[in-house]
Each structure stands twice: as structure tokens, then as C-alpha cells.
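**Student:** Here's the letter readout for the chains.
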Amino acid sequence: MDKAVNFEKVTHTYQVDTPFSQNALENVSFTIQSGSFTAIIGHTGSGKSTLVQHINALLKPTDGTVSVFDRIITPKTTNKNLKQLRKKVGMVFQFPEKQLFEETVIKDIMFGPLNYGATEEEARKSAVNAMKLVGLSANFSDSSPFDLSGGQMRRVAIAGVLAMNPEILILDEPTAGLDPRGHKEIMDLARHLHDHNHMTIILVTHQMDDVVDYASNVVVMDQGKIVKVGPPKEIFSDPKWVYKMQLDLPSSALFAQKMIDTGIKLKTLPLTIDELADQIVQIAGKEGKKDE
Amino acid sequence: MSNFLFGRYLPGESWVHQMSPQSKLLLSFYFVIVIFFANNIASYAALLILIMGVIILSGVSISYFLKGIRPLIWLIIFTVLLQILFSSGGKLLWHFGPFSITDQSLINGGFIFIRFLLIIMISTVLTLTTTPLAIADGVQTVLKPLKGFHFPVDTLALMLSIALRFVPTLMDEMETIMNAQRSRGVDFGSGSLKHRVKAAVPLLVPLFTGAINHAENLSTAMEARGFTDSEHRSKYRIYRWQMKDTISWLVFLAVGVLVLGIRKW
Numbered sequence: 001m002d003k004a005v006n007f008e009k010v011t012h013t014y015q016v017d018t019p020f021s022q023n024a025l026e027n028v029s030f031t032i033q034s035g036s037f038t039a040i041i042g043h044t045g046s047g048k049s050t051l052v053q054h055i056n057a058l059l060k061p062t063d064g065t066v067s068v069f070d071r072i073i074t075p076k077t078t079n080k081n082l083k084q085l086r087k088k089v090g091m092v093f094q095f096p097e098k099q100l101f102e103e104t105v106i107k108d109i110m111f112g113p114l115n116y117g118a119t120e121e122e123a124r125k126s127a128v129n130a131m132k133l134v135g136l137s138a139n140f141s142d143s144s145p146f147d148l149s150g151g152q153m154r155r156v157a158i159a160g161v162l163a164m165n166p167e168i169l170i171l172d173e174p175t176a177g178l179d180p181r182g183h184k185e186i187m188d189l190a191r192h193l194h195d196h197n198h199m200t201i202i203l204v205t206h207q208m209d210d211v212v213d214y215a216s217n218v219v220v221m222d223q224g225k226i227v228k229v230g231p232p233k234e235i236f237s238d239p240k241w242v243y244k245m246q247l248d249l250p251s252s253a254l255f256a257q258k259m260i261d262t263g264i265k266l267k268t269l270p271l272t273i274d275e276l277a278d279q280i281v282q283i284a285g286k287e288g289k290k291d292e
Numbered sequence: 293m294s295n296f297l298f299g300r301y302l303p304g305e306s307w308v309h310q311m312s313p314q315s316k317l318l319l320s321f322y323f324v325i326v327i328f329f330a331n332n333i334a335s336y337a338a339l340l341i342l343i344m345g346v347i348i349l350s351g352v353s354i355s356y357f358l359k360g361i362r363p364l365i366w367l368i369i370f371t372v373l374l375q376i377l378f379s380s381g382g383k384l385l386w387h388f389g390p391f392s393i394t395d396q397s398l399i400n401g402g403f404i405f406i407r408f409l410l411i412i413m414i415s416t417v418l419t420l421t422t423t424p425l426a427i428a429d430g431v432q433t434v435l436k437p438l439k440g441f442h443f444p445v446d447t448l449a450l451m452l453s454i455a456l457r458f459v460p461t462l463m464d465e466m467e468t469i470m471n472a473q474r475s476r477g478v479d480f481g482s483g484s485l486k487h488r489v490k491a492a493v494p495l496l497v498p499l500f501t502g503a504i505n506h507a508e509n510l511s512t513a514m515e516a517r518g519f520t521d522s523e524h525r526s527k528y529r530i531y532r533w534q535m536k537d538t539i540s541w542l543v544f545l546a547v548g549v550l551v552l553g554i555r556k557w
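Residue numbers (our numbering), protein chains in the order written: chain A, 1 to 292; chain B, 293 to 557.
30 angstroms max Cα-Cα, derived DSBU-like pairs, lysine-lysine:
id : chain 1 : residue 1 : chain 2 : residue 2
1  : A       : Lys184    : A       : Lys88
2  : A       : Lys88     : A       : Lys98
3  : B       : Lys359    : A       : Lys76
4  : A       : Lys132    : B       : Lys490
5  : A       : Lys60     : B       : Lys486
6  : A       : Lys88     : B       : Lys490
7  : A       : Lys83     : A       : Lys132
8  : A       : Lys107    : B       : Lys486
9  : B       : Lys490    : A       : Lys125
10 : A       : Lys80     : B       : Lys359
11 : B       : Lys490    : A       : Lys76
12 : A       : Lys107    : B       : Lys490
13 : A       : Lys9      : A       : Lys60
14 : A       : Lys60     : B       : Lys359
The set of hints was computed from the structure by calculation and includes no laboratory data.
Construct the complete structure from the given sequences, taking the supplied hints into account.
**Tutor:** If you want it as C-alpha cells, here you go:
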């Protein structure tokens with residue numbers, strides 16, 4: 001697999017040379033492989049959002065280099081010619097519905113492609129496509145985005161990013177404030193984009209269940225530093241450490257912990273609901289045999 | 293933009309920070325009035341020394357302070373240039389079409405430059421050392437006498453503090469929206485004027501929508517907690533006149549008298 005994103009000793013300081021100066025990232029180095037599904041976790045204020053904003057050069061490192069595919073961003077990079085990079089890196093911000101502004105849904109979704117030089121016809125085509133992807137009925141095309149429900153607005157905003165056909169998709173807490181069904185639909189969309197469209201997905205989240213259910217790679221941040229990188233199994237193998245990072249275990253692991261507390265022995269700590277079910281079946285099987 | 297100091301608060305415990313907001317507010321007004329009495333080098337020098345003293349007392353480093361007001365220099369220079377090029381009187385030094393420079397206009401230009409600088413310095417010190425809410429409280433105290441004329445002082449102060457309170461919130465939101473639209477390929481601050489105006493639409497529409505939403509939520513929250521504007525309201529923070537205020541006033545009054553003494557009559 002190729003490298004999609006590479007951070008090399010990146011430091012970012014907000015408001016350099018002022019009394020407000022504050023280190024948001026400190027000497028961060030890591031790599032995200034092309035086509036991977038990476039979750040970035042860490043408590044509030046640990047630097048997750050600052051980190052992801054470097055990937056499409058909305059922020060530039062104060063020190064160090066960020067490379068995205070073959071594009072290298074250093075502290076000296078100017079704001080010119082960043083369009084090509086930003087086209088490749090789609091960014092869904094927290095509460096993306098706040099960025100809607102057009103009169104109609106379709107126009108808002110076409111906005112990105114048009115900015116990146118698509119013709120009216122091409123833009124409309126990718127907008128229609130993006131609406132299908134996020135599960136918005138074509139009937140909404142001509143309604144005002146401000147007349148839609150919160151969940152629908154969120155889909156329009158995400159479609160607006162997908163219409164640009166990015167190679168990397170960054171989702172910054174995409175499900176905050178959605179109901180459980182909306183939550184699952186957005187997360188399944190991320191999985192679909194990863195599996196079928198081969199997008200590199202970077203998910204910033206506080207939902208540990210989503211981390212174990214969807215991500216293959218996890219980056220843990222604490223106080224502007226990356227403290228651990230690895231598959232979910234490795235990250236959650238030490239519950240004490242997880243709590244120290246002010247994070248939580250996935251709910252299946254929490255359930256399993258309660259089982260362990262009552263004296264039931266488990267071989268490993270299950271992370272997903274399937275793993276938990278498997279272990280329960282095994283135990284129940286043994287118990288069943290004993291009864292015979 | 294991030295170095296821009298005007299209107300920003302810098303936390304601290306200095307002499308100037310500890311003065312009561314109403315006294316700082318009135319003192320700034322008084323200082324601006326005194327500025328207009330100064331009309332020769334000696335009187336301006338006295339005021340410059342005074343304001344330098346105030347900046348040192350406020351605990352803000354002078355170099356940082358000067359860097360912070362630098363963005364406003366262009367505005368001053370523009371005004372000074374107008375003054376120099378269009379005023380008449382005195383010995384003619386240079387002229388071209390409607391423009392002319394005289395020795396008198398150069399001197400006037402110089403004085404206007406210092407005047408602007410002094411006004412910007414005193415108001416920057418005021419906002420640097422006083423939280424927006426304290427300023428609103430100060431305005432309320434200063435305007436209190438108007439209550440006798442049925443002027444809605446409390447409502448005005450409330451409006452002021454809400455407006456000030458939401459400045460950072462809206463700034464943050466603007467930043468986020470700008471970033472979101474940048475990701476969608478908008479290029480802010482480059483290209484032709486027409487292009488720039490067009491780029492403002494995707495920024496302003498969400499910003500206004502957000503502001504209206506905030507207003508609605510805030511009014512609901514206030515009503516839910518039983519707010520009405522007719523009640524007599526008590527305050528969590530009470531700013532009392534202190535010794536520091538008296539001493540500062542005495543110094544400022546002394547400098548004011550000095551300016552009146554040494555100005556050209």
C-alpha cells in the first residue's frame with residue numbers, strides 16, 4: 001500500500017510570538033496508508049482537529065513537514081496552488097450543515113465541483129451521484145437546504161464534499177447530534193466509501209464503538225502528541241491505559257468486563273458485539289456440556 | 293490578523309487591570325479631550341510620556357503593543373496624507389494640480405498623526421486591560437444618571453454585553469465556515485473584486501443563519517430562566533472606586549493642567 005498521508009515531526013503553535021501562543025501539536029510523526037480506514041481518538045482538546053486540518057493545508061505546520069500523496073507542505077508553503085491538494089482531500093467538518101448557503105440542495109452540492117473547474121454538466125452529474133450515495137431522494141434537489149431536517153441537512157453537506165470525488169475523506173465527528181439511525185447510516189456510508197470507492201477514510205470520533213466496528217487503524221492523541229498507533233485490538237488491550245487517556249472502552253468490552261467482575265473467565269477482551277457473542281456462545285456451550 | 297490587538301483583552305493583574313472599568317472608561321474620554329487641547333511639541337510630548345507610562349503599568353510589552361497597533365497605521369497614514377495634500381496656509385513647498393504641500397500642512401499632518409496614535413493607544417490599553425463584560429458594566433455605571441430621563445440604561449448595557457459576548461463566538465464560526473468553504477475550493481482574499489464579492493456569499497449566508505440561530509436560542513434560554521427587562525437586577529461583580537483610581541485620576545488631571553499650561557494660546 002502507498003502512503004496517503006505522512007507527518008514528519010510536525011509541530012503546530014497557535015498565535016506564534018504572542019502572549020496567547022499555544023502548542024497544539026508537538027513533534028507529531030505518523031503515516032496513513034492509502035485505502036485505510038483510520039480513526040483518530042483522544043479527549044477534547046488533545047489536538048485531533050488541528051491534526052486533520054493539516055491534511056488539506058487549512059493549517060500549516062509551524063515546524064516539520066506534512067506530505068499528502070506527492071504534495072509536500074512545509075511552514076514555508078504559500079496559500080497559492082493549494083486547490084489541487086484540497087480537491088483530493090475532502091473534509092467534513094463538525095456540524096457540516098452550518099456551511100450550507102445555496103438556494104437549492106443541488107446547487108449547494110454542485111458548489112465544490114464547480115470551484116474545482118468542473119463544467120455545469122459534470123458538476124450536476126457528480127451532485128446527483130453524491131445524493132444517491134448519501135441516500136437523499138432526488139425529490140430534494142430543488143428544495144432549499146434550510147427547509148430540511150437536521151439529519152437531511154447533514155447529508156446534503158456531506159454530499160457537497162463527496163461530489164468533489166476526493167481520494168481522502170476526513171470526517172470530524174460526523175455523527176454528533178444525530179439519532180441512532182442517522183448515526184448508523186452515516187457510518188455505513190463511510191464504510192461503503194472505503195470498501196467500494198477505495199477512499200482513504202480518516203475519522204475523528206469520540207465513539208469507541210465506531211472505532212472497533214469500522215476502523216482498521218487507530219491513532220490516539222493526548223496533549224498534542226500521538227501516544228499510540230495501531231489496530232483497535234492493540235489500543236484497547238490495556239483498559240487502565242485507555243482510562244488514563246480519558247477515553248472509554250467499546251460497549252462490548254465494558255459488558256465483558258462486568259462479566260469478568262462477576263467471576264466469568266474470558267480468554268480475551270472482546271471488542272465488537274460479534275466477538276462478545278462468540279465468547280458467550282463458547283462459555284454457554286461448555287456450561288451446557290457440564291449439565292449433560 | 294492574529295497580531296491585531298485593538299479590541300482584544302489580555303488577562304493580567306497589573307495596576308491598570310485592577311482599576312474599575314467606569315473610571316478607566318471616563319479616564320479614556322478625558323484623555324481624548326485633553327489630546328485636542330495639545331497643539332505644540334511640548335504638550336504632545338507630555339501626553340506621549342503619560343501614555344507610555346500607562347502602557348508600562350499595564351504590563352503589556354511595548355514592542356508587542358506597537359506590533360499590535362501597526363495594522364491601524366495605514367488608516368492613520370491615509371488620513372494624514374489627505375490632511376497634508378489638501379490643507380492650505382503657510383509657505384508653499386510643492387504643488388501639483390489640486391494637491392499642494394505647505395510647511396503648515398506638514399506640521400499639522402505630524403500633529404494629526406500623533407493625535408491618532410494617542411487615541412488608538414489609550415483605547416487599546418482600555419480594551420487590553422478590561423474584559424468586554426466589564427466595559428459593558430462600566431458603560432452602565434457611567435450612563436446611570438440618564439435613568440432619570442427614562443433612558444433604558446440597563447437594556448442598553450445588556451445589549452452591549454451580549455453583542456460583545458458573541459464577538460469571539462462569531463469569529464470562531466467564521467473561521468470554521470471559511471475553512472469548510474476553502475475545502476470546497478473557495479479562494480478567499482485573491483482574484484478580482486468581483487471574484488472576492490462572490491466568495492463572500494458562501495461565508496456570509498451561513499454566518500448570518502448562525503447568528504440568527506444564536507439569538508433565538510439565547511432568547512429562549514433567557515426566558516426559560518425568567519428574564520424580563522423591567523426587574524431591578526443585582527450584579528455578580530461589583531466594581532468599586534479604589535485608591536488606584538483616585539491616584540490615576542490625580543496624575544491624569546495634573547498632566548491635563550500641564551498641557552493647558554504649556555500649549556500655545
